[in-house]
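Asks: Can you build the whole structure from these sequences, using the hints too?
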Amino acid sequence: LALYFHSGEREEKCIIEDIPTDTLVIGNYKVQRWDIHKQDFLESAPGLGMFVTVTTPSAEVLLSKLYGPQGTFSFTSSLSGEHIICLQSNSTRFVAFAGSKLRIHLDIRVGEHFLDESVVQAKDKVNEVNFRLEHLIEQIHHISKEQNYEREREEKFRKTSEETNSNILWWAIVQTLILIFIGIWQIKSLRDFFISKKLV
Amino acid sequence: MLLRGSGTAGLWWWLTLLLVACAARASEITFELPDNAKQCFYEEIVQGTKCTLEFQVITGGHYDVDCQLEGPDGAVLYKEMKKQYDSFTFTASRNGTYKFCFSNEFSTFTHKTVYFDFQVGEDPPLFPSENRATALTQMESACVSIHEALKSVIDYQTHFRLREAQGRSRAEDLNTRVAYWSIGEAIILLVVSIGQVFLLKSFFSDKRTTTTRVGS
Numbered sequence: 001l002a003l004y005f006h007s008g009e010r011e012e013k014c015i016i017e018d019i020p021t022d023t024l025v026i027g028n029y030k031v032q033r034w035d036i037h038k039q040d041f042l043e044s045a046p047g048l049g050m051f052v053t054v055t056t057p058s059a060e061v062l063l064s065k066l067y068g069p070q071g072t073f074s075f076t077s078s079l080s081g082e083h084i085i086c087l088q089s090n091s092t093r094f095v096a097f098a099g100s101k102l103r104i105h106l107d108i109r110v111g112e113h114f115l116d117e118s119v120v121q122a123k124d125k126v127n128e129v130n131f132r133l134e135h136l137i138e139q140i141h142h143i144s145k146e147q148n149y150e151r152e153r154e155e156k157f158r159k160t161s162e163e164t165n166s167n168i169l170w171w172a173i174v175q176t177l178i179l180i181f182i183g184i185w186q187i188k189s190l191r192d193f194f195i196s197k198k199l200v
Numbered sequence: 001m002l003l004r005g006s007g008t009a010g011l012w013w014w015l016t017l018l019l020v021a022c023a024a025r026a027s028e029i030t031f032e033l034p035d036n037a038k039q040c041f042y043e044e045i046v047q048g049t050k051c052t053l054e055f056q057v058i059t060g061g062h063y064d065v066d067c068q069l070e071g072p073d074g075a076v077l078y079k080e081m082k083k084q085y086d087s088f089t090f091t092a093s094r095n096g097t098y099k100f101c102f103s104n105e106f107s108t109f110t111h112k113t114v115y116f117d118f119q120v121g122e123d124p125p126l127f128p129s130e131n132r133a134t135a136l137t138q139m140e141s142a143c144v145s146i147h148e149a150l151k152s153v154i155d156y157q158t159h160f161r162l163r164e165a166q167g168r169s170r171a172e173d174l175n176t177r178v179a180y181w182s183i184g185e186a187i188i189l190l191v192v193s194i195g196q197v198f199l200l201k202s203f204f205s206d207k208r209t210t211t212t213r214v215g216s
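Each protein sequence line maps, in turn, to chains L and F.
Take the first sequence: its letters are residues 1 to 200, numbered as in the UniProt record's numbering.
Take the second sequence: its letters are residues 1 to 216, numbered as in the UniProt record's numbering.
Honestly, I wouldn't trust all of these hints.
[Claimed, not checked] Here are a few chain F residues that face chain L, going by a calculated C-beta distance under 7 Å:
1. Phe31
2. Val153
3. Gln157
4. Ser182
5. Ala186
Don't read these hints as lab results, they were simulated from the structure.
Here a beta-carbon is modelled for each residue, glycine too, at the ideal position from N, C-alpha and C.
Replies: Structural data, given as structure tokens:
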């Protein structure tokens, strides 16, 4: 697990994944706690766990579980859109505890792209190529799903732009009409006023 | 469809292989950077590995962010302020922990959504050449070239998705801004013009009373 970042003890760190439907997302994480005495991160922190919460684009909670200091979680999206994956430790220490932080290693894989090497160990020529082809087909399916989802998003984009365009036109017309009617009303009102005050 | 190893044994074997191979990793993360915040990421890199950091701001404000990449000894390898998109390739000159940070400290109230892709090393070859007796067969080399082509398709697709997300975010901002400003303008127009008439009427009312006083 390569990439890591720091977080406060009770802080919630979230990442966003914009994915099409029926996509499998697998996450690996490892969390380490800072030790004041050793001035370094502990290799393992027993009792430390992480709440993993996954929220769908429609604000439903897809996954909400407590895992240990090291774990793997996965979910399959039923809707296409921005899914939010949040990690928060279950530490019960008070926030005022100075100098305490967590190191979170994280690795998220979208779509089934990992290679299963144990099958390749079979050392059978035909099977190896067969296996690679299966993997390529999987990749192509994922690309195709992404493109489909991209088409939906672009349509939404186009609708927003067209709505802005018609909004501008509509509001310009309304404002011009308001100007004209207000102008007419002003003149009429003042004329009546001056006539009634016998100034004209 | 996808062939899987038997249970957890295959998974552990795969994890061990990944640790041993160690060279190639790619992490891409999309996260939200609150205003006045800085988020740093660290990665341990072996000397001589070619790495690429690419980032893009998807939503928020002027769609820009500060980015800084430092080596293990604190040497700044890359530093750019208020960049919307950039890509930086470097070769690790030393072993150690490399750190890159995204900062939104110049912004007072806009959250930014930032995407970055940090690629370490090259991908392992599809057909490893350690235990081979012969050269790649035609099937295998076809597989390799298809795999490379698909990787670049995925890369382009990601770029396009980010650009489209950014464009869509700007369009939605524009839409709400047009709506609010138009309503605001219409209200101001009405208030000002009606107010003008009443103000003018009030001037003449005062003058009328003075003229009557003078008259009588």
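Asks: Hints the structure violates: just list their numbers, smallest first.
Replies: none
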